[in-house]
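**Student:** In case you want the letters, here they are:
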Amino acid sequence: MPVRDLRVIGRARRRVDARAKVTGQTLFADDLRLPRMLHGRILGSPHPHARILGVDASKALAHPGVHLVLTGADFPIPYGILPVSQDEHALAVDRVRFVGDPVALVVATDEATAGEALALLRVDYEPLPTIASPEEAIARPSPQIHDYADSGNLHKQVSFAFGDLEAGMREADEVFEDLFFYEGNTHLPIEQHAAVAALDPDGRLAIWASTQTPHYLHRAICKALGLAPARVRVVACPNGGGFGGKSEPHRHEIAAAGAALRLGRPVKLCLSRQEVFYAHRGRHPVLMRLRTGVRRDGSITALHLSTLVDGGAYGSYGVASTFYTGALQTVTYRIPRYRFDGTRAFTNKPPCGPKRGHGTPQPRFGQEVQLDIIAERLGLDPAELRLRIACEPDTLTANWLRVSTIGLKECIRQVVERSGWRARFRRLGEGRGVGLACSAYLCGAGLPIYWNGMPQSGVQLKLDRGGGVTAFSGATEIGQGSDDVLAGLVAEVLGLAPGDVRLVTGDTDLTPVDLGSYSSRVTLMMGNAAVQAAERARDLVASAVAEELGVPAARLVFAGGRVFDAQDPERGLSWPEAVVVAETRHGTLGTVGSYTPPRSAARYKGGGVGPSPTYSYSACVVQVEVDRETGWVDVVKVWIAHDVGRALNPVLVRGQVEGSVYMALGEALMEEMAYRRLPERLTGEAGPLVHKFPSMLEYKSPSTQDMPPVETILVEDPDPAGPFGAKEVGQGPLLPVMPALVNAIHDAVGVRIHEVPVTPAKVLAALAARAAGRPARYGPTEWPPVPEVEPLVVPPPWEGGDGRALNEEVRRKAAPRPVAGVTRP
Amino acid sequence: MPTEPHGRPHLSFRVNGEPVELALEPYKTLLEVLREDLGLTGTKHGCELGECGACAVLVDGSPALSCLVLGLECEGREVLTVEGLARRAELSPLQEAFADLGAAQCGYCTPGFLVMAQDLLDRNPHPTRDQIRRALDGNLCRCTGYLQVFEAVEEAVARGAAARCR
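If you're matching them up, the sequences are chains F and H in order. Numbering of the first sequence is given in numbering that gives the first Met the number 0, commencing with residue 0 and proceeding in unit increments. Numbering of the second sequence is given in numbering that gives the first Met the number 0, commencing with residue 0 and proceeding in unit increments.
Since the hints were derived computationally from the structure, they do not count as laboratory data. Hints may be right or wrong, so weigh each one.
[Claimed, not checked] Okay, the calculated bits of chain F under chain H, using three or more residues with CB under 8 Å as the criterion:
#	region
1	11-21
2	188-195
3	298-311
4	437-449
5	477-485
6	623-637
7	745-756
As the structure is a computational prediction, the values presented were derived from the model and not from experiment. Where is the CB? At the ideal position from N, CA and C, for every residue including glycine.
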């Protein structure tokens with residue numbers, strides 16, 4: 000086709016689903032009402048760890064209006080999001096592992112009646128000793144929270160050696176060792192999770208849910224309830240905010256499905272705000288140790304990163320989260336030798352999982368604060384240091400990740416210029432300061448959750464005689480704009496307006512599989528599938544129009560709702576006419592597109608976490624004012640540059656960047672999932688590990704009053720892997736904000752806070768330490784005795800490796816392929 | 000207050016300019032009456048504790064968190080919800096600006112923001128950024144970072160002024 004200007008892509012425009020959202024017409028899961036619908040409430044455990052000795056439901060069942068009570072006995076088959084962590088039941092079978100762990104479901108005519116009946120349930124528990132932290136998990140291997148843990152209460156231990164670490168340390172002029180702690184926090188979507196399950200007229204199960212991953216929920220329901228996939232339909236309603244918290248099957252979804260199957264009536268189950276806090280699956284608390292060897296010019300000779308991850312009570316995505324704490328350091332900066340040790344502990348707290356940035360914000364925080372320390376010691380400007388060590392394009396990293404395009408240096412240069420960094424850094428005077436940090440993120444995980452060789456995204460298009468175009472995709476709109484991306488890309492290729500494209504999404508009965516709205520995969524993966532489907536439709540139409548007009552198909556232009564000859568624009572057909580011509584020639588018109596990521600070069604066990612078709616990059620400058628009397632940190636302004644490849648719709652891209660900055664400021668300054676044991680005198684040792692403040696009032700998140708101005712800079716260097724060159728933007732821009740803020744505090748008052756959230760008390764403690772002549776820092780001071788495990792030894796590309804581990808038995812399915820583009824950092 | 004023979008109290012009020020009469024459970028909040036009895040699901044649950052602002056409506060022209068108001072308290076009153084902002088098929092200036100400028104991402108908090116912003120503009124047709132910030136500080140949004148919301152309110156004001164000049 001002749002090259003023409005883009006008409007949709009790159010233009011700032013109203014998103015296709017905006018009207019529904021501003022009129023209140025978007026139907027979220029809790030907005031659905033079906034005839035004869037019943038309502039469920041779930042009884043959560045009051046104990047953080049206990050055996051269930053028995054449940055007496057007789058009084059609850061006798062309560063007027065109660066239709067059904069279910070317990071763990073009704074859900075004997077375990078499920079879980081990861082194949083290696085099938086450790087959940089909709090309702091606890093014989094043991095509860097955190098306060099709030101679902102124990103029983105009551106279904107009644109309405110929520111209030113179900114709530115009354117909950118109080119009539121009698122559950123006998125035998126309390127068990129509890130574990131509140133990874134340190135306790137190390138010290139107390141029994142009783143085990145789960146018997147499938149690697150050892151004791153250490154769920155998973157991973158270790159990799161990419162090159163000779165100590166040789167790298169010996170090449171260094173100086174070795175820096177620092178500890179950091181990143182407190183857990185939660186997604187806090189304004190929409191509380193909800194699900195409605197029902198039997199359709201043919202007796203098949205259907206469930207409408209606030210899920211980011213309808214395909215994975217479909218698999219989990221089928222497994223847990225023993226149903227054939229063709230007998231189950233999952234519809235992902237638009238999510239009222241996801242941020243990762245709705246990206247795995249939740250207990251209430253399976254429970255609602257089980258109840259609807261038994262009752263033959265629709266059952267709605269909505270979580271209360273407190274239940275949402277306990278359902279959690281949010282940011283893992285991580286203790287980190289970074290040992291970094293550096294030459295005088297700032298170049299890194301070796302990095303040893305150790306992470307100790309507090310997993311909470313179940314597996315969730317935790318194995319992947321643990322790998323992610325070590326995966327992406329190398330795609331940002333040149334690290335020739337790299338050792339990573341990660342340990343995830345089980346604790347008797349709500350399960351942690353993926354939250355925006357999934358496992359990478361914590362080590363990013365540590366690394367970027369440490370780089371600030373390194374720059375200071377070496378007498379380098381922090382921006383200059385990062386420009387020197389940033390990865391180059393088209394390289395393989397020590398851990399065998401492929402960096403293709405990388406806009407990091409351009410992001411640094413632009414954010415430095417736009418923020419007036421050089422005029423501000425170390426020049427703002429007492430109490431005021433700026434800090435800088437960078438980051439990288441995936442544009443979609445390279446591998447699906449469960450092993451298979453099928454596409455990760457599929458899109459179907461239907462063209463009808465009236466010129467209507469319908470796009471079918473399993474992707475889920477969670478606010479990020481996936482509907483707009485889908486409609487925009489199809490419209491661009493076919494020369495239509497986005498509003499001309501009707502969408503059917505997130506419905507396992509109607510739409511081809513898309514793995515879901517997680518890992519920043521949708522724009523790139525669904526987008527490529529959409530472009531492929533649209534190009535095939537365009538080619539079908541073009542061949543028919545070419546014949547009709549007697550013009551070579553290669554000369555036809557699709558634009559402005561017409562198909563016309565590039566050399567004689569008057570000669571053409573309207574889009575509806577063109578579709579009629581095409582259907583006459585080809586029969587009923589439909590096309591498909593699909594996307595499978597390229598195979599990763601990493602072939603060692605664990606190398607499946609980290610590969611991505613490409614990576615996005617960000618650089619951020621934060622300016623703060625710190626009050627020495629109160630420790631209060633006021634964020635004056637944030638400048639952030641993001642390498643987005645190409646902004647498909649700049650309005651939405653900017654919204655994702657600003658939303659990331661907002662969420663990052665919450666994590667940096669106030670948000671924390673904090674728990675406490677009740678006093679021993681009240682409860683004995685096994686006293687509840689309760690959330691300190693499971694409410695939106697006391698779990699502080701930034702309000703309109705807290706949000707500083709943000710200057711967003713989009714760096715656009717189209718990436719060949721992305722649709723029209725687009726990379727992700729939903730997660731990456733969150734990452735650099737926390738460390739930039741902490742670095743700014745150092746510039747302002749000379750103390751380093753090695754821990755988020757940075758509360759005023761921590762700032763005051765660091766200032767007091769400095770005044771007393773102690774190290775001017777606040778944060779962890781000891782690395783606990785984490786058991787060592789034997790690392791997988793994987794030679795980096797420049798040491799002649801082939802992407803496999805030396806000490807791992809591997810069945811070679813295919814001969815090693817030559818690896819192109821290897822340069823030694 | 001009139002009651003039905005079998006005891007459910009009767010409520011008579013106006014919603015989005017239209018009279019409504021119904022028998023209701025006396026414990027129901029205005030939020031539940033709107034969503035469950037009247038099918039007006041644009042007003043959202045976010046916490047049921049008055050903490051998030053997602054359920055904001057106007058009662059007799061004043062902002063109210065409908066999760067903290069009993070349905071029975073609305074006898075004889077006028078309630079405005081997000082469904083009442085558009086004039087027939089025509090979106091309100093605030094709705095247009097919210098849609099154009101990215102002020103709605105997931106859209107879940109949006110009805111509450113729109114109602115509160117409408118209340119602000121009803122009282123103060125030319126608010127400053129700071130006044131907008133204060134008027135909306137009881138509404139939480141986890142998606143946008145608020146800046147595009149502020150800009151949308153300002154845009155609605157600007158378009159309104161431009162329209163009046165024409």
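**Student:** Mind listing which of the numbered hints don't hold for this structure, in increasing order?
**Tutor:** 3, 4, 6 and 7
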